[in-house]
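Colleague: Given next are the chains, with one letter for each unit.
There are 2 protein chains.
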Amino acid sequence: MPRIVDHDRRRAEIARLAVRVMQRDGAESATVRGIAKAGGFSIGVLSHYFRDKDELVGFAFQWVAQQSFADLDAAVAGVPPGLARLRTALEFMVPASGAPSFIRVWLNLWGGAMGNPKLARVHRDYYARWRRYLRRYLREAVRQREIAAPRSLRNTTDLLTAAVDGYWIGAAFEPRRFPVRRRRALVAGLLATVLRPARAA
Amino acid sequence: MPRIVDHDRRRAEIARLAVRVMQRDGAESATVRGIAKAGGFSIGVLSHYFRDKDELVGFAFQWVAQQSFADLDAAVAGVPPGLARLRTALEFMVPASGAPSFIRVWLNLWGGAMGNPKLARVHRDYYARWRRYLRRYLREAVRQREIAAPRSLRNTTDLLTAAVDGYWIGAAFEPRRFPVRRRRALVAGLLATVLRPARAA
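Protein sequences, first through last, are from chains F and Y.
What the first sequence shows, in our numbering, is residues 62 to 262, in sequence order.
What the second sequence shows, in our numbering, is residues 62 to 262, in sequence order.
Certain hints may be false.
For identical chains, the list gives no copy identity; a pair is met inside one copy or between any two copies.
Straight-line Cα separation of at most 30 Å, DSSO-like style, residue types lysine-lysine; simulated pairs [to be verified]:
{"#": "1", "residue 1": "Lys-114", "residue 2": "Lys-98"}
{"#": "2", "residue 1": "Lys-179", "residue 2": "Lys-98"}
{"#": "3", "residue 1": "Lys-179", "residue 2": "Lys-114"}
Source of the hints: derived by calculation from the structure; they are not laboratory data.
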């Protein structure tokens, strides 16, 4: 077993390294050569863990997606279920930090995913999971009578997902229009616009 | 003058060619060498029109942005001002065609723009212009008493922009979840959710 554990751990370390290279220098630098150089090991070592660049980049994106949900779980852990968790999760997706760590990586995933079915699949799996989170919070909020049941849970989930994507893209490229305080206000406004108050009993 | 006209026309032709290469093969293939090869001319000819790859790619993205607004103008030309134009413009931005021509190019712009201020500027200019369109249509719709004045024109514009960005990203990577008919329904639902009906006189 130790060898397998080591192998998996090494792959995760290399994925982390590839992500760092993409964050710093963009996807074009995330070549086998560039990643090996950044890690201070030979190309031969790298090819022991990944067949080719495609496998490495695909694995790195999966690692980013996995990490994002681990961070999201941590962000909502102390927050009560329902509406409060929904708000926290949406705010989490429109990062407050000035230089959001995974944004560049995710934009590069999109750039590559149009011509690469494996990367497109990482996108689909990520969004399917993100929508499950949102549906769960929405259902909790309805059950706790914080909001009325959405007319369409599917459409409401897709609108929240879409709007938050647009906001973080805006925040990434137009930080002056979307300063941190305004991002929170936009998320609050989004919820006030999209959700309907529960009827008085 | 003819020489300048020829020069500008040639630059536009090369930009179109670069966009075609990006659409077909992704940003990685939009090298000076790859574009020259696709056009059937030498690298020397290309360097007569563009100093380097960055200048060429920046110009190509500007050309795409320009072309998008020309297409948008054509799409709304026969549509009455106000709410009808707003709907048409939003539908235009969530393309109905199965293989939307500029989506791959735009995703590649984003991938590159995080590390390239000139490309980031193309994004900002494009979005500033797109928001001007939306504000104009919203104001027309208010003036024509089709809708109540938004509580915040700025927030409403940013929400419409953000949601539509999220929808076309969804449509690009999850066409089965976002079939063409549903895209129209989502735009209609977005307007119904975000806009408030005009008060009866």
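Colleague: Each of the hints needs a verdict: does it hold here or not?
Modeller: Here is what the structure says about each hint:
no., hint, in the structure
1, Lys-114 to Lys-98, "both (14 Å within a copy, 25 Å between copies)"
2, Lys-179 to Lys-98, "both (25 Å within a copy, 28 Å between copies)"
3, Lys-179 to Lys-114, "both (12 Å within a copy, 28 Å between copies)"
Of the numbered hints listed earlier, not one is contradicted by the structure.
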